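Model the full assembly from the supplied sequences, consistent with the hints where possible.
Chains as they are written, first to last, in our numbering: chain R, 1 to 715; chain D, 1 to 461; chain U, 1 to 235.
These are computed hints drawn from the structure, not numbers from a lab.
Values in this document were obtained by computation on a predicted structure and should not be read as measured data.
Note that beta-carbon positions come from the ideal geometry of N, C-alpha and C, so glycine has one too.
A couple of the hints might just be wrong.
To be verified - Below, a list of computed lysine-lysine pairs in the DSSO-like style, where the Cα atoms sit at most 30 Å apart:
hint : chain 1 : residue 1 : chain 2 : residue 2
1    : D       : LYS279    : D       : LYS352
2    : U       : LYS38     : D       : LYS125
3    : U       : LYS155    : U       : LYS200
4    : U       : LYS155    : U       : LYS203
5    : R       : LYS619    : U       : LYS38
6    : D       : LYS125    : U       : LYS155
7    : U       : LYS62     : U       : LYS38
8    : U       : LYS38     : D       : LYS325
9    : D       : LYS325    : U       : LYS62
Unchecked claim - Output of the computed footprint for chain U on chain D, the stretches with three or more beta carbons under 8 Å from beta carbons of chain U:
hint : segment
10   : 41-55
11   : 145-156
12   : 227-237
13   : 383-397
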Amino acid sequence: MKRRTFLKTSALAAGASLLQSCAEDEQYLVQPLERQPGRPGVSRWLNSVCGQCQAGCGTRIRIVDGDARKIEGQPDHPINHGGLCALGQAGLQDHYNPDRVRTPLTRSGSRGSAGPLEELAWHDGLAQAARAIAAASPESLYVVSGGRSAYVDALLARLTQALGAAPPAIGQVPGAETERAALARILGPGRALPAYDIAAADYVLSIGPAFLDRGHQPVQGTWAMAQVRSATAGRRGKLVQAEARMSQTAAFADEWLPIRPGTEGVLARAIAGALAEGGLLREGSQAALYSQLFPAAAPSIEEAAATCDVPAPTIARLAAELGRADRPLVLAGGSAALTRNGEFSTLAALAINLLLAGFDREGGVSVSEPAAGYDFRDLGEIEAGARSGGTYVVVEADPVHTRPEGRGWREALSAAESVIVLGSFIDETALYADVLLPLHSDIERFGAVEASGIARPTVSLARSAVAPLYDTRHPGEIVLALGAALDQRDALPWDSFDAAAQAAFDARYDDGTGGAWSQALDGGAFQAERAEAVLPEKLAAFDGPEPPASTADGELTLVLFESAKYGDGRGANKPWLQELPDTMTTFMWSSWAEISVADSQTQGIRTGDLVEIRSAQGKITVPAAVRPGARPGTVAVPLGGGYTDYGRYAAERGENPLALVGAETVAGTTAAALVGTGVSLRRVGPGDPAIYGRGLRDAEQIPTGWASMAKGGDH
Amino acid sequence: MTNDLQERENRLVGRLSLDRFRPGLVVGAGLTGLVALVFFYAWGIQLRDGIGVAGINRPVFWGVYITTFVFWIGISHAGTLISAILRVTGAEWRRPVTRCAEAITLFALSVGGLFPILHMGRAWKVYFMLPIPNSRGLWPNFRSPLMWDAAAITAYIVGSFLYLSLPLIPDMAILRDRSKGWRRRVFGLFALGWQGSAQQWRSLESGIKVMAVVIIPLAVSVHTIVSWDFAMTQVPMWTSTIFGPYFVVGAIYSGIAMLMIAMALLRWGMDLGDYLSDKVFNNLGLLFCAMTLAWGYFTFAEHLTVWYANEVAEARVLWSRFTGKWAGPFWTMVIVNFVIPICVLPFRWGRKPLPTALVSLGVLVGMWLERFLIIVPSLELPRLAYTLGDYTPSSIELMVLIGSVGLFAFFYFAFTMNVPIISVWEVREGWEHENSHSGAAAAAAAPQTDARTPEPAGGGS
Amino acid sequence: MTRWGMVVDTDRCTGCEACVVACAEENNVQTVGEEEAKKGRAMHWLRIERAVEGTFPEVSVKFRPVMCQQCGEAPCEPVCPVYATYHTDEGLNAMVYSRCVGTRFCANNCPYTVRTFNWFDPEFPEPLDRQLNPDVSVRVDGVMEKCTFCVQRIKEGQRTAKGEDRDVEDGDIQPACASACAAQVFTFGDLEDPESKAAKLSKSPRARHLLADLGTLPGVIYLEDQEWNPGTDVS
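Printed below as a string of structure tokens:
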């Protein structure tokens with residue numbers, strides 16, 4: 001109690017001292033408290049915005065006696081339509097996580113270790129951060145954001161611009177960088193992502209994206225597939241998944257093509273060829289544009305079958321089914337964008353939509369533009385540049401953990417002049433922080449997220465739902481405070497984050513009445529009309545390389561993926577998610593390596609055995625999950641394991657497969673190639689992972705339980 | 001004639017030597033008492049930390065505890081049932097056996113009866129199972145086989161206690177009359193004022209007869225009901241119509257095995273070979289042999305029908321016993337429970353004390369395994385195969401198992417130290433019958449080895 | 001009369017397990033930790049079963065959420081010696097945690113293996129305990145638990161309706177799994193009300209009971225997967 005009193009007092013003192021320069025402090029100390037009326041024991045539901053990934057789902061929080069008890073999706077929210085994923089559901093364990101950072105911290109020891117960290121008043125923390133930024137030369141100021149809110153990122157962009165530094169680097173969903181590049185080859189320069197109207201499609205061919213597992217819009221994708229299956233388009237639609245790994249999306253799909261990784265583009269080209277040759281081009285198809293993009297003749301079905309390891313009749317049938325469907329749609333990118341030739345694969349798949357007249361129609365492809373027109377760059381651009389020294393400002397991102405070992409983040413942060421981290425946990429990047437400024441949780445903060453990967457521009461908005469538990473702040477407010485401390489009030493003239501967000505929102509969406517903002521704030525979301533994807537008259541031929549994604553003989557191909565429960569690793573510190581049995585393997589509290597039955601037999605590996613995976617970059621030792629659905633010659637490992645620190649639930653649990661990945665990029669981009677690293681596999685010995693239904697180790701195939709589903713009597 | 005009988009009685013009482021310090025019994029009681037402490041230590045840990053210290057899990061919700069419960073309840077069929085059957089059928093050779101058999105019943109029941117409480121997640125709430133009138137009108141659920149269990153076991157404990165106590169009265173009187181000081185008062189208390197009048201003898205004998213007739217259906221019902229804990233469910237290979245008789249046969253089988261071991265130990269440890277004679281072993285061995293056959297027949301029938309019917313969920317359990325994970329314990333059970341007994345017991349040399357005791361040890365192990373194999377593989381393989389289980393007993397469970405053996409043995413040692421483990425008056429009654437049939441010739445053949453001076457005879461008989 | 005029931009459309013289930021987390025969140029289901037999870041003591045009231053058939057590359061997978069089936073003839077009910085699990089007049093298999101003595105007989109006799117047991121006291125390191133739902137009791141060690149169809153939400157819905165002087169309308173009450181599911185796999189409602197969505201769906205030719213041959217008369221009805229039929233409309 002004394003400690004808490006002390007914290008409160010110091011918070012008050014810090015607030016009072018900053019009151020003049022940061023008028024918004026008043027808000028934290030007073031506003032949330034005002035929002036806690038409610039009688040004892042009576043529950044209220046308040047809107048919020050999920051920040052567990054970049055999707056921007058609208059949530060509502062059940063509050064009883066001042067505490068948040070439950071998160072649900074907002075019914076009728078344009079993104080998630082009432083649903084929410086496991087990661088989002090676990091958002092409360094972000095808020096109430098016992099390992100949250102509760103006050104600003106500063107380092108007195110060396111970087112890279114957990115301690116010693118000293119508590120700091122906000123006034124001092126902000127001053128220290130501002131001094132470090134002011135001392136940095138503009139060229140060596142690196143701002144990295146996790147991309148949770150476009151409105152925060154826009155403020156970061158304004159700050160860097162005012163300081164003359166390079167724009168912030170935004171961490172993105174794996175594959176996004178390549179998907180943007182591929183879309184730009186069709187629609188011209190821009191930073192837009194392709195957006196798909198899956199819900200209205202009746203035939204979906206997904207070449208790469210495991211869009212139900214994670215990706216840009218997992219919840220919306222799930223909702224959309226329910227629409228496809230419930231015959232919104234007149235009849236039950238079909239999903240065909242071409243993906244090297246059997247993801248949950250592939251398992252859900254009506255048909256799964258276990259394609260050889262790296263050859264997705266060849267499959268796409270062959271299908272395009274079959275569409276054209278088979279006279280299956282529909283009215284309005286842009287065959288001319290397609291052939292300008294890919295002037296060379298498409299590979300024959302037989303060639304593609306040999307390259308991709310997909311039967312030729314299947315390819316022909318897929319082309320025919322696509323051609324005959326009413327609203328066919330081809331999804332591109334995802335896992336296909338993560339191989340060395342990811343840009344070709346993504347573009348080839350995306351371009352099929354040209355032949356299907358799929359751009360800008362119902363159940364087709366459109367664009368999703370980043371909000372508020374701010375400038376940003378990809379993380380790879382920082383990594384590719386020469387770095388020595390430098391000052392890093394990291395906002396809600398953990399590049400040390402989420403970027404491949406070969407990208408050199410540990411070395412770069414160790415050698416940096418200063419590292420300023422805005423985050424809620426001592427994650428691997430925060431271990432390098434000189435100053436750690438703690439943030440409000442999703443439900444404590446004013447939520448403003450502009451969704452990406454959705455056809456109609458959508459902004460999710462919500463006021464803070466609960467009072468802050470600790471002495472934390474909104475990241476946007478911190479940026480504004482830093483701006484003020486750095487004398488950049490011209491670039492960041494706002495007193496509060498919501499004012500800044502409103503200004504950015506109004507500039508883009510307001511019709512002059514100013515009503516859209518307040519309406520959206522009360523309703524939870526704003527949705528604009530679909531952005532038009534105007535196809536150009538002529539397309540330049542694809543000149544990117546098409547390197548074969550082959551691995552050396554005797555090597556297995558490493559496939560890294562975001563699992564539904566860990567995401568990029570953010571879910572790893574939540575006990576609900578750690579204990580959630582992975583749907584495909586039922587592993588809990590651990591990383592795992594998915595190995596095919598054929599490979600397991602040659603090595604004598606059984607599910608649960610520890611295997612060592614070794615690449616040129618490094619090695620990891622994880623328990624094996626032998627799966628009938630794993631493609632022989634591949635080893636798939638989920639991201640999000642092996643944190644050296646990220647709280648008690650995540651630390652030292654599983655292994656981080658990014659330790660295996662070097663500096664390889666997707667050809668033509670700076671994106672990390674997370675699929676295609678050559679690895680060797682060796683059984684180390686028996687292991688003892690936590691597996692739900694332990695007997696499932698040896699019995700992956702359990703038809704009896706399903707056979708026992710019989711038609712029942714009356715009920 | 002009467003003097004001769006008196007001398008023989010004196011000799012027997014001398015062998016039972018209740019008035020002397022017997023290091024063997026004291027050391028035995030001490031050691032087994034220490035082992036019994038392990039039982040309470042392990043249970044204490046479990047009460048402190050939670051039932052999770054046991055190895056049971058989901059879906060194997062029952063494991064060593066219930067196995068051991070069924071095991072001890074089975075053992076309890078040794079005495080009362082056997083002695084009652086022999087009494088009712090008037091088998092003369094039963095006379096030296098009844099008391100030590102009935103004691104097994106009472107103590108096995110006492111130990112076994114702890115297990116349903118011990119295996120509960122909240123043992124301190126056990127009174128919820130009692131029909132205590134309360135303001136909420138909450139009542140135990142008499143549809144539950146566990147309540148039948150509770151009722152049957154309680155009745156059986158009471159019945160067994162009475163059945164053990166009634167024939168004890170004249171013996172207590174004999175001891176009372178042979179003791180002095182405080183011992184005389186204690187024995188006098190338990191003798192319930194026995195004077196050996198004709199009226200008292202008539203009452204006692206009719207009481208024993210009634211109890212003998214009552215206890216047989218009671219014993220049969222107890223183990224039938226224990227089997228219904230399993231047979232009433234929908235669990236693969238638990239739901240079986242022959243479980244009732246199968247369990248009763250198994251119970252008698254294991255009970256005889258325990259009795260054989262107890263008798264052999266008494267015979268060697270207390271020099272009771274004259275009473276627990278080869279003839280007794282031989283006769284009991286024949287019964288033992290018959291139970292081997294009966295148990296083998298039931299086991300065969302049970303597995304054959306499941307194998308033939310080949311229902312999916314049951315067949316999985318069956319094959320996990322035959323060739324799968326549990327093949328080792330299963331075939332061990334078959335060997336020690338059937339193959340070895342059937343190779344030994346049919347022969348006269350096999351029904352001597354040492355062979356039968358060794359066979360009995362195997363049967364005890366086998367019968368414990370039988371219950372374990374009924375419980376665990378079925379639970380490990382539920383119908384919906386997604387929750388396949390995996391069970392390994394924890395150290396706490398094994399401590400409880402071993403401790404329960406210690407506890408039982410401790411009770412038995414303590415009983416033997418303080419109470420005539422052979423029913424003196426019944427044996428004497430046998431001699432009287434013998435004499436009346438064959439005269440003094442039989443008396444001359446009676447043991448003559450004990451030379452100690454008899455205590456003055458009192459009012460016994 | 002009311003008979004609460006749930007229709008589960010397996011055709012839509014993507015196996016995302018949002019329902020599993022939502023269930024734990026709503027019902028204060030404890031997290032047992034890695035060591036206990038290894039022993040098979042994870043507490044989920046709801047699990048996503050997957051069935052894998054075939055060998056590579058012809059592998060197909062189906063997902064199926066399995067929770068307490070709320071049987072009409074529930075094998076778990078008669079075996080409880082203390083009436084800790086009993087049948088309500090609204091067709092629920094109710095659990096009275098404070099009455100449970102932990103014989104675990106109900107769990108053995110559940111053919112669906114959906115009951116979970118508190119082997120130890122739950123731990124909610126501060127401040128995780130502030131998330132606990134005040135409408136649902138936190139179970140202590142030695143107590144059985146299972147899916148309740150979010151009975152606290154049913155009661156809440158009934159109270160609200162009564163307060164507004166009306167009947168409970170179809171769709172008013174949503175268990176946590178149903179409200180979490182983006183794919184709308186779960187349809188909860190009164191099976192006795194012929195107008196309810198759940199009752200209508202339960203008449204579908206796709207409707208199945210799990211282990212129907214055991215005669216447990218579950219209140220959970222599964223709609224089995226549909227095939228893609230390029231030529232015909234589906235109803």
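Violating hint indices (sorted, rising): Nothing - there is no hint that the structure violates, so all of them hold.
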